[in-house]
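The listed protein sequences correspond, in order, to chains D and S. Every number in the working numbering is 4 more than the matching position in the first sequence, counting from 1. Every number in the working numbering is 1 more than the matching position in the second sequence, counting from 1.
Keep in mind the hints are simulated off the structure, nothing from the lab. Since this is a predicted model, take the numbers as computed values, not measurements. Keep in mind that a hint or two might mislead.
To be verified - Here are some of the chain S residues that sit facing chain D, going by a computed Cβ distance under 8 Å:
id : residue
1  : 76
2  : 77
3  : 79
4  : 80
5  : 104
6  : 107
7  : 108
8  : 109
9  : 205
What the hints assert, rightly or not - Residues from chain D shown here face chain S by an in silico Cβ test under 7 Å; the list is partial:
id : residue
10 : 8
11 : 205
12 : 206
13 : 209
14 : 210
15 : 212
16 : 213
17 : 214
18 : 215
19 : 297
To be verified - Just the calculated beta-carbon pair ranges, DEER-fashion:
id : chain 1 : residue 1 : chain 2 : residue 2 : range
20 : S       : 73        : D       : 10        : 20 to 30 Å
21 : S       : 54        : D       : 297       : 11 to 21 Å
22 : D       : 28        : S       : 77        : 34 to 44 Å
23 : S       : 77        : D       : 282       : 30 to 40 Å
Note that the Cβ used here is the ideal one computed from N, Cα and C, for glycine as well.
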Amino acid sequence: MIFRFWYFIRETFVSLWRNLSLTLAAILTVAISLALVGSSLLIREGAEQATAQFQEGVEFIVFMNADALENQNEAIRKVLDTSPAIKEYVYVDKFAAYEEFRELFVDKPELVESVTPEIMPPSYRIVPRDPDADNVTELARQFSEQPGVKEVATATEAIRQIEDFSTRVSQALLLAAIVLVAVSAVLILNTVFTAISGRKTEIEVMKLVGATNWFIRIPFMLEGTIHGLMGAGLAVPALFVVDSKVLAYFQESEAVPLFRGFAVPDGFVWNTSIWILVIGAAIGMIGSAFAVTRYLDV
Amino acid sequence: MIRFETVTKTYKGEVVALREASAEIQRGEFVFLVGPSGSGKSTFIRLINREEVPDAGKILVAGKDVSSLSSWKVPYLRRNIGYVFQDYKLLPKKTVTENVAFALEVIGRPRPIIKRQVPAILELVGLSRKADRLPEELSGGEQQRVSIARAFVNRPLILLADEPTGNLDPATSVGIMRLLDRINRSGTTVVMATHDRSIVDTMRRRVIELDRGMLVRDESRGVYE
Numbered sequence: 005m006i007f008r009f010w011y012f013i014r015e016t017f018v019s020l021w022r023n024l025s026l027t028l029a030a031i032l033t034v035a036i037s038l039a040l041v042g043s044s045l046l047i048r049e050g051a052e053q054a055t056a057q058f059q060e061g062v063e064f065i066v067f068m069n070a071d072a073l074e075n076q077n078e079a080i081r082k083v084l085d086t087s088p089a090i091k092e093y094v095y096v097d098k099f100a101a102y103e104e105f106r107e108l109f110v111d112k113p114e115l116v117e118s119v120t121p122e123i124m125p126p127s128y129r130i131v132p133r134d135p136d137a138d139n140v141t142e143l144a145r146q147f148s149e150q151p152g153v154k155e156v157a158t159a160t161e162a163i164r165q166i167e168d169f170s171t172r173v174s175q176a177l178l179l180a181a182i183v184l185v186a187v188s189a190v191l192i193l194n195t196v197f198t199a200i201s202g203r204k205t206e207i208e209v210m211k212l213v214g215a216t217n218w219f220i221r222i223p224f225m226l227e228g229t230i231h232g233l234m235g236a237g238l239a240v241p242a243l244f245v246v247d248s249k250v251l252a253y254f255q256e257s258e259a260v261p262l263f264r265g266f267a268v269p270d271g272f273v274w275n276t277s278i279w280i281l282v283i284g285a286a287i288g289m290i291g292s293a294f295a296v297t298r299y300l301d302v
Numbered sequence: 002m003i004r005f006e007t008v009t010k011t012y013k014g015e016v017v018a019l020r021e022a023s024a025e026i027q028r029g030e031f032v033f034l035v036g037p038s039g040s041g042k043s044t045f046i047r048l049i050n051r052e053e054v055p056d057a058g059k060i061l062v063a064g065k066d067v068s069s070l071s072s073w074k075v076p077y078l079r080r081n082i083g084y085v086f087q088d089y090k091l092l093p094k095k096t097v098t099e100n101v102a103f104a105l106e107v108i109g110r111p112r113p114i115i116k117r118q119v120p121a122i123l124e125l126v127g128l129s130r131k132a133d134r135l136p137e138e139l140s141g142g143e144q145q146r147v148s149i150a151r152a153f154v155n156r157p158l159i160l161l162a163d164e165p166t167g168n169l170d171p172a173t174s175v176g177i178m179r180l181l182d183r184i185n186r187s188g189t190t191v192v193m194a195t196h197d198r199s200i201v202d203t204m205r206r207r208v209i210e211l212d213r214g215m216l217v218r219d220e221s222r223g224v225y226e
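Generate coordinates for the entire structure from the input sequences, incorporating the hints supplied.
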């Protein structure tokens, strides 16, 4: 058995080397397509994180006037406590609001200095039982008519935007990736086919002296699998670059403060990398299996 | 050793390569298959090692019905059958030794056995001194000896040869025939398709003649025609 192992390894690498240019083309195509698959997954996860972090299911916020009367607050609280439409809520008083403001604008001290806890509006962050956009809009309208309410901000619009953005980007990437994955499978098929045609006599002799079908197939399938794995191996560092550069760019974006939450946990990048390697190996195996069953005729 | 029972083989359902052919070849026999091109000689040979499957009839090789053999068993059948080609089919980038060893490597023989058997077989075919040459450095006759060594290194029960002297001059052919005769005398059944009248007439072995797929003659010490 040990003889066979080294035989397979030797034959596989001899063949990879013999078709170097095709091998490189196949590996690079796999790398690009898998990098796109991975990026698409990262962006989707980032969006999920961003929207999930947006105040933990809070769909709208009722801001009170800074000088709202206690009985006005009482009235709001009573509605929140009794209404079946409200699942839960958190009251953020002016001091807590000031703390948050300071944290959020820690890099803009002049802005922080311009406010005091006294002028911060206290707010109710509300989780409705039904997060449907129409329902949230209706609830928001009702609260905005209450006395003492300054304004009602719904997160729905912002969340819609970020979801929309990430869905479109990740779908476009995924579509490109699927096309490229198909292209790379075909390219691997072709590379393995070239390897097979370059060794016609060898295969014929192998068949006639009684080599088993799998013995003949395995080096070619290994070759394809290595194409896939090497491509995936190149795609993994690309994923980490996407994570540290592209997603980080969103997080630092001034224009869209919501994207501050656009972070992907490190564990997710690693998990995605493992998937990428599995997909790469699968592409290689499928591509070469096609080539072997179609052209090897054993 | 080999038995054909009313075997018929057609290609694409039209061209009849073999029509109800029956023959029995005993262990240790030497059989010439003769007949014009397209008479079915190659088909006869290809049916024995299951490169082709008959449309009708039965073919028994070493007691097994090869026409109904499941395809995963075919390699194991072929390990008992050596095959010599008209065009040698040597691997150009491998030396003589490597070419012969290849046949053992790909059926998973352990290296110590390969190391012992390959020099012995090269000795038998008279190529010990050219063991490290590449095929292109050899004459046609020498290349055919390598091909025979490769076919015989696993000590098969049967040796099939399709026009093994087809590309060789008469003097060289005689050398090849001596080698095949020697292999036959060691107990191996040899089936050889040929056009070479003088070889058949000199050797005086069993002759099976095919004509347009029909088995028209079967003589135990026959001549070409």
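Quick rundown of the hints versus the structure:
1. 76: Since chain D brings a Cβ to about 4 Å from residue 76 (chain S), closer than 8 Å, the hint holds.
2. 77: holds (7 Å)
3. 79: holds (4 Å)
4. 80: This interface hint holds because 4 Å falls under the 8 Å limit.
5. 104: holds (4 Å)
6. 107: holds (4 Å)
7. 108: Hint on residue 108 (chain S): holds, closest Cβ of chain D at ~5 Å, below 8 Å.
8. 109: Holds: closest Cβ of chain D sits about 6 Å from residue 109 (chain S), inside 8 Å.
9. 205: violated (29 Å)
10. 8: This hint holds: residue 8 (chain D) lies near chain S, its Cβ roughly 6 Å from the closest one there, short of 7 Å.
11. 205: holds (5 Å)
12. 206: Cβ of residue 206 (chain D) sits 6 Å from chain S, so the hint holds.
13. 209: holds (6 Å)
14. 210: Check passed: Cβ of residue 210 (chain D) comes within 5 Å of chain S, closer than 7 Å.
15. 212: Residue 212 (chain D) check passes; min Cβ-Cβ to chain S is 5 Å, inside 7 Å.
16. 213: holds (4 Å)
17. 214: holds (4 Å)
18. 215: holds (4 Å)
19. 297: violated (13 Å)
20. S:73 <-> D:10: 20 to 30 Å: holds (25 Å)
21. S:54 <-> D:297: 11 to 21 Å: holds (19 Å)
22. D:28 <-> S:77: 34 to 44 Å: holds (39 Å)
23. S:77 <-> D:282: 30 to 40 Å: 35 Å Cβ-Cβ, so the 30 to 40 Å window holds.
In the structure shown, a violation is registered for the earlier hints numbered 9 and 19, in ascending order.
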